[in-house]
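**Q** Read top to bottom, the protein sequences are chains A and B.
Reminder that position 1 of the first sequence reads as -2 in my numbering, one-by-one numbering, no gaps.
Going from the second sequence to my numbering is simple: count from 1 and add 244.
Just so you know, the hints here were simulated from the structure itself, not pulled from any lab data.
Quick caveat, the model's predicted, so the values are computed rather than measured.
Treat the hints with care, as some may be off.
From the structure, some residues in chain A lie toward chain B, with a derived Cβ separation under 8 angstroms [to be verified]:
#1 Ser22
#2 Tyr48
#3 Ser75
#4 Leu78
#5 Gln80
#6 Thr100
#7 Pro139
#8 Leu140
Backbone N, C-alpha and C fix where the C-beta goes; we use that ideal spot for every residue, glycine too.
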Amino acid sequence: MSDKREELIALIRQASDEVTEIANSTPFGVIIKTESLLSVCELLYKNPTAYFDMLSCVTGIDNGIDTGTMEVIYHLYSIPLNQSIVLKVILPRENPEIESVSTIWKSANWLEREVFDMFGINFKNHPDLRRILMPADWKGYPLRKDYKHEEYYRNIKIEY
Amino acid sequence: MKQQQYLYKEDNLIDSEPNKFCESELKSEEMIINLGPQHPSTHGVLRLEVLSDGEIIKEVVPHIGYLHRCFEKHAESLPYNQIIPFVDRMDYVAAMNSEHAYAMGVEKMLGISEQIPKRVEYIRVLVAEMNRIASHLIAIGTYGLDLGSFTPFFWIMRDREHILRLLEWASGARMLYNYIWIGGLFYDLPVGFEQRCREFITYFKPKVAELETILVDNKIFIDRTANVGVLPLNLAINSGITGPMLRASGLRFDLRRVDGYSVYPELDFEIPIGVGKMGKVGDCWDRTWVRVKEIYESLKIMEQCLGKLEGEHKRTREFDPQALVPKKIRPKAQELYMRAENPKGELGYFFRADGKSDIPFRCKARACSFVNLSILPELSRGVLIADLIAILGSIDIVLGEVDR
């Protein structure tokens, strides 16, 4: 298992110069640089020893105002080799922007739209970046830690 | 001053969920048809914006989010054990399966997944498989309803009622159980439950065969579904499709077998895949057929679980299913992605625990219906409008899970 892990990290190093392992992550994962995301994904998708043919999940995380960062986490899975890997990129909280991976995996389309909807992370070159769960005229990004909901939405009191 | 009620102005309605296509930019033969959100064949509150050329569909744009209940936002302010009722309400026709996945995820974070008593595990699998049958019954029955076959719907509702009554007997609730707890169960099974389960299996087996004959092998049903909405395997994998949909496209992939969580490695069951018996592999008929076959497999698993629960892991006076339930759930700082096979596909939970509080820093649900629905525009390009309903029904979505 650890051999496989080393092998994958060595593979990712080909496309990204900064690779650090995520502490206490199940399945194991790496933090990569924002600019190298697309090349790493392409490599992991095409290389026969990696062959990550399925993108299961895209998660956004807001680390709060104090830290000033946001994260996007990609859960990849390879069906024939039965292995998983987590890719993580760290973005600034101001104008977070990242390349869309929907050119590689079609499932990224809606998963990234959801992250955009909830966190306001802009996915560059996304085919159809619109809000998905919230109404189109909703203000703010609900899953950000500093989000405060408006008192009224279209004259309807938002009570909770 | 009293606030005004919702203003029903036309521009108001258009702003909140605008169409993707603009009426004025259409070609002369094109037309936008709005389907839903209140339409029985959309299986809940799903709105489909259909760009059509006569009877032929050019593009479908699903508009979702009408049932969004902020699961992830709620989960960020609740202790782990109090999230379980919210988890129930995601996929409300298969709540046990969602609970099972969630509980396993938190147990894995706490590092107690090895200590869970075998009896608890077998009861969990038993109730989860019962719920899987109930969910598949809904999928098949409502699909028949979509295609104009009315009777099977009543039959599946009648049979599902038996499952719901059994689960109500065990947990006290009909659909949203809160039965599987982190580290254990709400209660042990009631006395006599195993016997009644066996009676149910004996009663139910011929009923599935009947359902198969009357609906799935029906000539009209085959005509409506065979060769419709064919999903090729490479597209399915690339789009993240899982569950019966992926298996219908011909891949023997089941997380119960692949990950081997809980006691599934000890159980003997087959994984049915679509073989294109009536048309091409991965058509709507294959998807329904795979679900029917999975009901048989679930019955097989139930029988094995009952055997264990009456034999090796019998009910004893000392057994306490709540013995391992932690008083305080505070996992170490970590990130974990737990996935499990739900009736509709891979249900994943992503947790980030900061190690300092009883509340997850982030809890994300990777809903299978959500990802499976994203294939709809791809599948329904160039088909007839009546086939759109057939394709949508065969995806088997639950809007509670799509919108969370």
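**Q** Regarding the hint that Ser75/A lies at the interface with chain B, is the smallest CB-CB distance below 8 angstroms?
**A** violated (10 angstroms)
**Q** Using Cβ atoms only, decide whether Thr100/A comes closer than 8 angstroms to chain B, and label the hint accordingly.
**A** Violated, because the Cβ-Cβ distance from Thr100/A to chain B comes to roughly 11 angstroms (cut-off 8 angstroms).
**Q** Restraint: Ser22/A near chain B, CB-CB cut 8 angstroms. Satisfied or not?
**A** holds (5 angstroms)
**Q** Against chain B, run the beta carbon of Gln80/A and see if the smallest gap drops under 8 angstroms.
**A** Interface hint status for Gln80/A: violated (11 angstroms vs cutoff 8 angstroms).
**Q** Holds or violated: the hint that Leu78/A contacts chain B, with Cβ atoms closer than 8 angstroms.
**A** violated (12 angstroms)
**Q** Hint Tyr48/A vs chain B: min CB-CB distance below 8 angstroms?
**A** Violated - the Cβ of Tyr48/A stays beyond 8 angstroms from chain B, reaching only about 11 angstroms at its closest.
**Q** Restraint: Leu140/A near chain B, CB-CB cut 8 angstroms. Satisfied or not?
**A** holds (6 angstroms)
**Q** Does Pro139/A pass the interface check with chain B, least Cβ-Cβ distance below 8 angstroms?
**A** Holds. Min distance 6 angstroms.
Of the numbered hints listed earlier, those contradicted by the structure are 2, 3, 4, 5, 6.
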